[in-house]
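Novice: Here the protein sequences come in this chain order: A and B.
In terms of my numbering, the first sequence is numbered consecutively and its last residue is 78.
In terms of my numbering, the second sequence is numbered consecutively and its last residue is 669.
Please note that a few of the clues may not be correct.
What the hints assert, rightly or not - List of simulated lysine-lysine pairs, DSSO-like, C-alpha gap at most 30 Å: (1) A:K73 <-> B:K451; (2) B:K516 <-> B:K455; (3) B:K510 <-> A:K76; (4) B:K664 <-> B:K455; (5) B:K451 <-> B:K510; (6) A:K73 <-> B:K664; (7) B:K510 <-> A:K73; (8) B:K664 <-> B:K587; (9) B:K516 <-> A:K76; (10) B:K455 <-> A:K72; (11) A:K73 <-> B:K516; (12) A:K72 <-> B:K664; (13) A:K72 <-> B:K510; (14) B:K455 <-> A:K76.
To be clear, the hints were calculated from the coordinates, so they are not data collected in a lab.
None of the values given here were measured: they were computed from a predicted structure.
Spelled out from the first residue to the last, the chains are:
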Amino acid sequence: MKKIFLSTSFLFLSLLSAFAQSNGVEMATGLRSSGKIWVVVLVVLTLFIGIFIYLFTMDRRIKKLEKDK
Amino acid sequence: MRKIWWKILAASFVCISIVAGFIGPVPELPILNETIRNVYFHVPMWFAMITLYTISMVYSVKYLSSGKVEFDTIAVEAVNTGIVFCFLGLLTGMQWANITWGDPWPNDPKLNGSAIATLMYLAYLVLRNALEEEQKRAKISAVYNIFAFPIMVVLLYILPKLTDSLHPGSGGNSTFGDLDMDNYMRPVFYTAVAGWILTGVWICTLRYRIRLIENKRTQLS
Numbered sequence: 010m011k012k013i014f015l016s017t018s019f020l021f022l023s024l025l026s027a028f029a030q031s032n033g034v035e036m037a038t039g040l041r042s043s044g045k046i047w048v049v050v051l052v053v054l055t056l057f058i059g060i061f062i063y064l065f066t067m068d069r070r071i072k073k074l075e076k077d078k
Numbered sequence: 449m450r451k452i453w454w455k456i457l458a459a460s461f462v463c464i465s466i467v468a469g470f471i472g473p474v475p476e477l478p479i480l481n482e483t484i485r486n487v488y489f490h491v492p493m494w495f496a497m498i499t500l501y502t503i504s505m506v507y508s509v510k511y512l513s514s515g516k517v518e519f520d521t522i523a524v525e526a527v528n529t530g531i532v533f534c535f536l537g538l539l540t541g542m543q544w545a546n547i548t549w550g551d552p553w554p555n556d557p558k559l560n561g562s563a564i565a566t567l568m569y570l571a572y573l574v575l576r577n578a579l580e581e582e583q584k585r586a587k588i589s590a591v592y593n594i595f596a597f598p599i600m601v602v603l604l605y606i607l608p609k610l611t612d613s614l615h616p617g618s619g620g621n622s623t624f625g626d627l628d629m630d631n632y633m634r635p636v637f638y639t640a641v642a643g644w645i646l647t648g649v650w651i652c653t654l655r656y657r658i659r660l661i662e663n664k665r666t667q668l669s
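Next comes chain A alone, as it looks inside the complex (with noise of 0.2 Å):
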């Protein structure tokens, strides 16, 4: 287990690098397109779905609160 888990994040590594390494040339890829706005995009993402976590939470703790009674 411990041996599947260190190569493949090993393997996991060894491609981040290798993908840094390519940097000369810049490229359509992922979060570097088009001026990087999918940064921006992903950032207030994960805003709103911290708000939507925030808002299902305090549901289920009103729903137990409901059921105290």
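Given chain A, put chain B in place with the hints provided.
Specialist: What follows is chain B alone, placed relative to chain A:
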């Protein structure tokens, strides 16, 4: 209203509208540039607000005809939530107007109308706090609420359409439907509106449920 599916729908609609609103194609127009995307975020605030005010008005009528205290509580909490969306709409509108119109508050009939409408609903909340006796408070504020609603509709949606306003669709200004030739913006806009309306109603129900628990506590003690 305690089912979870429409809450998930609300969250996913808002998230979809954020991604599609930032990335999707928009018509290229001078002065507006990319700020046309604000339609997806600023306008749904007003839709959420008017939905909540409508709910409040309906429950005020229901309260007057039945005398159930819960209906009055729904009416208050709907206004409480609606006013938050109203302020968010005003604030985002001012930020955008400062750049595109060159003034955060040009003397536009729609802006002045929304200011008066906001004050009217703030007065509703102040009126409630001013009255001590519970039944009298509920009855008077319900009547006030029923009268405030059509005035708000006239101020926000009818008067600006009759005179020259900077907002689209008034005084010979083209609507967004005319500008958006390929009609790409329409589905994104409606998704955003639906998502924000559902989110507003959700927050309103949360407030209502908290208020119910509070009322029970005060009755017990």
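Novice: Between B:K510 and A:K76, is the straight-line Cα distance small enough, at 30 Å or below?
Specialist: Satisfied, since the Cα-Cα distance of roughly 27 Å is no more than 30 Å.
Novice: Taking 30 Å as the top limit, are the C-alpha atoms of B:K516 and B:K455 close enough?
Specialist: 27 Å, holds
Novice: For the pair supplied as a hint, B:K455 and A:K72, confirm whether the alpha-carbon distance does not exceed 30 Å.
Specialist: Holds: B:K455 and A:K72 sit about 14 Å apart, inside 30 Å.
Novice: Given the hint that B:K664 pairs with B:K587, test it: the Cα-Cα distance must not exceed 30 Å.
Specialist: Distance ~21 Å between B:K664 and B:K587 Cα, so the pair holds.
Novice: Against the 30 Å threshold, does the CA-CA distance of B:K516 and A:K76 hold or violate the hint?
Specialist: Holds, because 22 Å separates the two Cα atoms, which is no more than 30 Å.
Novice: For the pair we were handed, B:K510 and A:K73, check the Cα-Cα distance against 30 Å.
Specialist: 29 Å, holds
Novice: What's the verdict on B:K451 and B:K510, does the C-alpha distance respect the 30 Å limit or exceed it?
Specialist: It holds: about 23 Å lies between the C-alpha atoms, which stays within 30 Å.
Novice: Holds or violated: A:K73 and B:K451, Cα atoms, limit 30 Å.
Specialist: 15 Å, holds
Novice: Just to be careful, I want the Cα atoms of A:K72 and B:K664 compared with a cutoff of 30 Å; is the pair within it?
Specialist: 15 Å, holds
Novice: For the pair we were handed, A:K72 and B:K510, check the Cα-Cα distance against 30 Å.
Specialist: At roughly 26 Å apart (the allowed maximum being 30 Å), B:K510 and A:K72 satisfy the hint.
Novice: B:K664 and B:K455 were given as a pair; does the straight-line alpha-carbon distance stay at or below 30 Å?
Specialist: 26 Å, holds
Novice: For the pair supplied as a hint, B:K455 and A:K76, confirm whether the alpha-carbon distance does not exceed 30 Å.
Specialist: The hint holds at about 20 Å.
The earlier numbered hints are all upheld by this structure, with none contradicted.
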